[in-house]
Amino acid sequence: MVNIQLPDASLVKEYVAGNEDALAKLIKRHESKIYGFIYSKIPDRDITNDIFQDTFIKVIKTLKSNSYNEEGKFLPWVMRISHNLVVDHYRKTKKMPMFRETEEFSIFSIMSDNSLTIENKIISEQVQMDLKKLIEGLPADQKEVLVMRMYQDMSFKEISEITGVSINTALGRMRYALMNLRKVIDKHQIVLTN
Amino acid sequence: MAKTYSKKSLFSQVMKPSKETISFLLGYSKALTIIKIENKSFEIISN
Numbered sequence: 006m007v008n009i010q011l012p013d014a015s016l017v018k019e020y021v022a023g024n025e026d027a028l029a030k031l032i033k034r035h036e037s038k039i040y041g042f043i044y045s046k047i048p049d050r051d052i053t054n055d056i057f058q059d060t061f062i063k064v065i066k067t068l069k070s071n072s073y074n075e076e077g078k079f080l081p082w083v084m085r086i087s088h089n090l091v092v093d094h095y096r097k098t099k100k101m102p103m104f105r106e107t108e109e110f111s112i113f114s115i116m117s118d119n120s121l122t123i124e125n126k127i128i129s130e131q132v133q134m135d136l137k138k139l140i141e142g143l144p145a146d147q148k149e150v151l152v153m154r155m156y157q158d159m160s161f162k163e164i165s166e167i168t169g170v171s172i173n174t175a176l177g178r179m180r181y182a183l184m185n186l187r188k189v190i191d192k193h194q195i196v197l198t199n
Numbered sequence: 107m108a109k110t111y112s113k114k115s116l117f118s119q120v121m122k123p124s125k126e127t128i129s130f131l132l133g134y135s136k137a138l139t140i141i142k143i144e145n146k147s148f149e150i151i152s153n
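Chains as they are written, first to last, in this note's numbering: chain A, 6 to 199; chain B, 107 to 153.
Hints were generated in silico from the structure; no laboratory data involved. One or more of the hints may lead you astray.
Claimed, not checked - If you want a taste of the chain B side facing chain A, the calculated C-beta under 8 Å gives, among others: (1) 120; (2) 121; (3) 122; (4) 123; (5) 124; (6) 142; (7) 147.
Said to hold, decoys possible - Straight-line C-alpha distance at most 25 Å; calculated BS3-like pairs for lysine-lysine: (8) A:66 with A:38; (9) A:18 with A:63; (10) B:146 with A:30; (11) A:46 with B:142; (12) A:30 with A:66; (13) B:125 with A:38; (14) A:162 with B:125; (15) A:33 with B:125; (16) A:188 with A:148; (17) A:33 with B:136; (18) B:122 with A:38; (19) A:148 with A:162; (20) A:78 with B:136; (21) A:148 with B:136; (22) A:148 with A:137; (23) A:63 with B:142; (24) B:122 with A:162; (25) A:63 with B:125; (26) A:18 with B:136; (27) B:146 with A:69; (28) B:122 with A:46; (29) A:63 with B:146; (30) B:122 with A:33; (31) A:18 with B:146.
Cβ coordinates follow ideal geometry from the N, Cα and C atoms, glycine included.
Produce the entire structure from the sequences given, and follow the hints as far as they go.
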């Protein structure tokens, strides 16, 4: 029995006419050559598979949109597409090099997440609540200055204008507020840090 | 018996894409239809 192999041009013609088997035959005929070519440039099987796939997606789209001019050069055309995609891949990886984690190098040594963990967030909220309770226990004039300074971000000039006292008095009240807070914290051995 | 000192050929194994890649391409081709209207192309992927 003689096995007649249809030339690429005929298979392309059949595929464009709607015969999907023709594509399967074309791929089977040339897959090793094209895959081997890509792999010789990018010795990574996963990336090679991706580029092989992208190559044939372009081939399929061009053939299905009747944009292919058959000149008996199907394989060189496909190889050219795969070559261009390999070049695109190198351009992309050059712009955004991929760092693989090794024993010596971890990407987290360069980039880190500074946001609080849930646990730290809960602790921080608890500390804030405890601090507020301590501030409530201060004499009214000291509490007023401290709240204006620490929670409302006011300058001592603004505080003195609003409370009707001199800047020195406002400064003094702030100093006593902090001293009294430290006394209470030390007396009751309160822990206010993470 | 004499030892063979020749290097093993790097291309002794046949390089082929994965079955999944081929399967995807054939499925994609079956599902894809391209329609040209005026100077615009529309790609339709049917499920």
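Results of checking the hints against the structure:
1. Against a cut-off of 8 Å between C-beta atoms, the interface hint on residue 120 (chain B) holds, since the closest Cβ of chain A lies about 6 Å away.
2. Against a cut-off of 8 Å between C-beta atoms, the interface hint on residue 121 (chain B) holds, since the closest Cβ of chain A lies about 4 Å away.
3. For residue 122 (chain B), the interface hint holds, the least distance from its beta-carbon to any beta-carbon of chain A being 6 Å, beneath 8 Å.
4. Taking 8 Å as the C-beta contact cut-off toward chain A, the hint placing residue 123 (chain B) at the interface holds, the least distance being around 5 Å.
5. Because the beta carbon of residue 124 (chain B) sits about 5 Å from the nearest beta carbon in chain A, less than 8 Å, this interface hint is met.
6. The interface hint given for residue 142 (chain B) is met, as the beta carbon of that residue sits about 7 Å from the closest beta carbon of chain A, less than 8 Å.
7. Restraint check, residue 147 (chain B) versus chain A: the minimum CB separation of about 6 Å is within 8 Å; hint holds.
8. Proximity of residue 66 (chain A) to residue 38 (chain A) is assessed by CA-CA distance (about 21 Å); at most 25 Å being required, the pair is judged to hold.
9. Distance check on the hinted pair: residue 18 (chain A) and residue 63 (chain A) sit about 17 Å apart at the alpha-carbon level, within 25 Å; holds.
10. Restraint check for residue 146 (chain B) and residue 30 (chain A): the C-alpha separation of about 30 Å exceeds 25 Å, so the hint is violated.
11. Note on residue 46 (chain A) and residue 142 (chain B): the hinted pairing is violated, with a Cα-Cα distance of about 36 Å set against a maximum of 25 Å.
12. For a cut-off of 25 Å, the pair hint linking residue 30 (chain A) to residue 66 (chain A) stands: about 17 Å separates their Cα positions.
13. A hinted pair counts as satisfied when its Cα atoms are at most 25 Å apart, and residue 125 (chain B) with residue 38 (chain A) qualifies at roughly 16 Å.
14. Restraint check for residue 162 (chain A) and residue 125 (chain B): the C-alpha separation of about 76 Å exceeds 25 Å, so the hint is violated.
15. The hinted pair formed by residue 33 (chain A) and residue 125 (chain B) meets the criterion: a straight-line CA distance of about 11 Å does not exceed 25 Å.
16. As the CA atoms of residue 188 (chain A) and residue 148 (chain A) are separated by approximately 15 Å, the hinted pair is consistent with the 25 Å bound.
17. Restraint check for residue 33 (chain A) and residue 136 (chain B): the C-alpha separation of about 17 Å stays at or below 25 Å, so the hint holds.
18. As the CA atoms of residue 122 (chain B) and residue 38 (chain A) are separated by approximately 8 Å, the hinted pair is consistent with the 25 Å bound.
19. The straight-line distance between the Cα atoms of residue 148 (chain A) and residue 162 (chain A) is roughly 17 Å, inside the 25 Å bound, and the hint therefore holds.
20. Taken as a hint, the residue 78 (chain A) and residue 136 (chain B) pair is honoured in the structure, with Cα atoms around 24 Å apart against an allowance of 25 Å.
21. Between residue 148 (chain A) and residue 136 (chain B) the CA atoms are separated by roughly 76 Å; this puts the pair beyond 25 Å, and the hint is violated.
22. At most 25 Å may separate the alpha-carbon atoms for a hinted pair to count; residue 148 (chain A) and residue 137 (chain A) meet this at roughly 10 Å.
23. Restraint check for residue 63 (chain A) and residue 142 (chain B): the C-alpha separation of about 17 Å stays at or below 25 Å, so the hint holds.
24. Of the pairs offered as hints, the one joining residue 122 (chain B) and residue 162 (chain A) is violated, with about 78 Å between alpha carbons and a cut-off of 25 Å exceeded.
25. Simply put, residue 63 (chain A) and residue 125 (chain B) have alpha-carbon atoms about 19 Å apart, close enough for the 25 Å limit, and the pair holds.
26. Pair hint residue 18 (chain A) plus residue 136 (chain B) holds up; C-alpha atoms about 16 Å apart against a cutoff of 25 Å.
27. With a CA separation close to 14 Å, the supplied pair residue 146 (chain B) and residue 69 (chain A) stays within the 25 Å bound.
28. Proximity of residue 122 (chain B) to residue 46 (chain A) is assessed by CA-CA distance (about 15 Å); at most 25 Å being required, the pair is judged to hold.
29. The straight-line distance between the Cα atoms of residue 63 (chain A) and residue 146 (chain B) is roughly 17 Å, inside the 25 Å bound, and the hint therefore holds.
30. Annotation: proposed proximity of residue 122 (chain B) to residue 33 (chain A) holds, straight-line Cα distance about 9 Å (limit 25 Å).
31. Between residue 18 (chain A) and residue 146 (chain B) the alpha-carbon distance is near 23 Å, which keeps this suggested pair within the 25 Å criterion.
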